[in-house]
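Asker: Spelled out, the chains give:
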Amino acid sequence: MSSHNESIIREPLVTGQNITYAKVTNDILVPVENKPNKAWWIGFTLAVLGALLWLFSVSYTFWFGIGAWGLNKTVGWAWDITDFVWWVGIGHAGTLISAVLLLFRQNWRNSINRSAEAMTIFAVICAATYVVAHMGRPWLAYWIFPLPNQFGSLWVNFNSPLVWDAFAISTYFTVSLVFWYTGLLPDIATVRDRATGLRRRIYSIFSFGWNGSVKTWQRFEIVSLILAGISTPLVLSVHTIVSFDFATSVIPGWHTTIFPPYFVAGAIFSGFAMVQTLLLIMRKVLNFENYITMFHIESMNKIIMTTGSIVGVAYLTELFIAWYSGSEYEMYAFENRIAGPYWWAYWAMMTCNVISPQLFWFKKIRTSIPISWVLSIVVNIGMWFERFVIIVTSLHRDYLPSSWAMFYPTWTDVGIFVGSIGLFFTLFLLFLRVLPGIAIAEVKLLLNGPSYQQKLKLAKEGHQDPEQVAFLQKSLEKFDTVSEEEIKELSK
Amino acid sequence: MSNTKYILGSFEHPDDLMDGIDKLQKANISIYDVYTPMPIHGIEAKLGVPPSRLPIAAFIFGLTGTLSGISLLYYTQYKDWPMIIGGKPAAALPDWVPVTFELTILFCALGMVATYYFRNHLFPGRAPRVMDLRATDDRFVVAIDAKENSNHEEIESLLKDAGAVDVLHNERKYVSYE
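In the order they appear, the protein sequences are chains A and B.
Residue 1497 is where the first sequence starts when you use the numbering used here, and the numbers rise one by one after that.
Residue 11 is where the second sequence starts when you use the numbering used here, and the numbers rise one by one after that.
There's no promise every hint is true.
[Claimed, not checked] Some chain B residues judged to face chain A by a derived CB distance under 7 Å, without partners named:
| # | residue |
| --- | --- |
| 1 | Tyr45 |
| 2 | Pro47 |
| 3 | Ile53 |
| 4 | Lys56 |
| 5 | Leu103 |
| 6 | Ala145 |
| 7 | Glu158 |
| 8 | Asn161 |
| 9 | Asp176 |
Hints listed in this document are in silico derivations from the structure and should not be mistaken for laboratory results.
We treat Cβ as the ideally placed atom computed from N, Cα and C, and that holds for glycine.
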């Protein structure tokens, strides 16, 4: 038998009654097959305005050069790299959801992986724009790759983490794109087979001729599994290498071996926060509440809490080691972070990243949608400040007091950052219109197992331990999509 | 002689589909293919489809990536133009790990997915060979070659017995061509 019953005490991943395969398709394709509503247009207009700001600021930078930014000879890296690391970090949750949770057989990934992976791709696109923008002469961006050239045999320096980063980010983007697109093929075929005329032609081209035969699905599952297996070390390596950009230098506050795990945890932390920000709105506006349930929200909040705690421990370890190492430069870097001219950035980071995720220990908070949404934004603000603190406070006062300086962003710096958020949302909103925001085929897998209706069926058959049914009823209380009658029905 | 080329049994539930396959196999009726909107676990074993060899391809592509990475670094950093940086040896093996690793992953992913697309004839613009348009939506469709299996009434009754909601006798193989 293809479907098997799971234990009744496990919380359902699909709620609602009379959910058939056809209903899953219909529900998920509503935004793809219909004209956008007012809310989408308002969001899209704002996002496009942001994207235009980005375009203007980047064009201004290209025209006038990097001098348009607030950098000086002491602080040679500031907003640009902060934004770059922030976006790359956000991207990590998508790969974590699609790859690591697949390896661990966490079925709750099935309904959130598609939009989280899309988020990854758009976040990495945003991140990549900073790499190109900061080069000053972007038309020579290909110089970071080891290409034969006319300057004799001058190759790139493979001992530099910046070169590793170029390889890591481009591999990450390529593999994520391939993973995402291969997973989309069956769903694009679903749209194709329901469409007519020109729409059908277009989706037909992009569906690559998918037909859902046995062999296609068999190989599809193998490909997904192996891609998940290789994406897991890949995603860890990417942020490890991003952290090497700092850790292999000799700047106080950067030169620490704790950076790789600390950065990876921070990346997952901020990424899940961004997934939460997007999905809480998406499930409401697009009526995906039966597929993205309270269980998903709570699970993501638990991950935010765990990774937030890891990040908190890393901050404290850094402080302790700065003191314990006896290195006065290292200690000064941290004193300067805590009480120097950028103290407000440090304390914003500490409050947002260390204290706020601890609120998720309270079940009331972690199952409250408005609070989760606000906290997810707080976390992302905190993670932006984390990168700002690491980068700017370490650089602006390093070894020689005579070269100490302050960093003040220009409107171009701010424009590129705010604009990139607009660019991200433009891409994400377009994605929701043209492609299914939830993996249709994967959600269909859940219908005959971890769904409310299946549990109801099992409970009605009457072979379940009443204590276990009562346990399920209790855990269903937090679900906003399961009514009281539906809970009571389980014990009838 | 009827003009029926393929007989399609549409099921609403994967368990019924599996039941239908069992019944057909018991009656010695060969199954052409099965089209489903989602992967059905265990169906390959039932239909005798051998396990995929894609993992072997993936491994070989990954190995190619590793060797390419090491060769690239050996040639550029050691053979062609050795550079002494910080008094370290030109062949600084630990520094070669990240790039070699990334290339291993890149080659493995792209090579494996390209092989998958190639073997299943998936490419942009490929005309979809679809026998039943609802097989990507809410129907689990089993296709039987009507020329090879002549007893059409028996097939129909077997499928209906197993719970097929619809049995089609199609004169064309694919419905997707307009």
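Asker: Does each hint fit the structure? Answer for all of them.
Answerer: Evaluation of the provided hints:
1. Annotation: B/Tyr45 was flagged as interfacial toward chain A, and the flag holds, the nearest CB pair being 5 Å apart, inside 7 Å.
2. Given the 7 Å rule on beta carbons, the hint for B/Pro47 holds: about 6 Å separates it from the nearest Cβ of chain A.
3. Because the closest C-beta pair between B/Ile53 and chain A is about 6 Å apart, less than 7 Å, the hint holds.
4. The beta carbon of B/Lys56 comes no nearer than 9 Å to any beta carbon in chain A, farther than 7 Å, and the hint placing it at the interface is violated.
5. Evaluation of the B/Leu103 hint against chain A yields a violated restraint, the C-beta minimum of about 11 Å exceeding 7 Å.
6. Taken as an interface hint, B/Ala145 checks out: its beta carbon lies about 6 Å from the nearest beta carbon of chain A, inside 7 Å.
7. Taken as an interface hint, B/Glu158 does not check out: its beta carbon lies about 17 Å from the nearest beta carbon of chain A, beyond 7 Å.
8. At a threshold of 7 Å, the smallest CB-CB gap from B/Asn161 to chain A is about 23 Å, leaving the interface hint violated.
9. Of the supplied interface hints, the one on B/Asp176 is violated, with its beta-carbon coming no nearer than about 14 Å to a beta-carbon of chain A, more than 7 Å.
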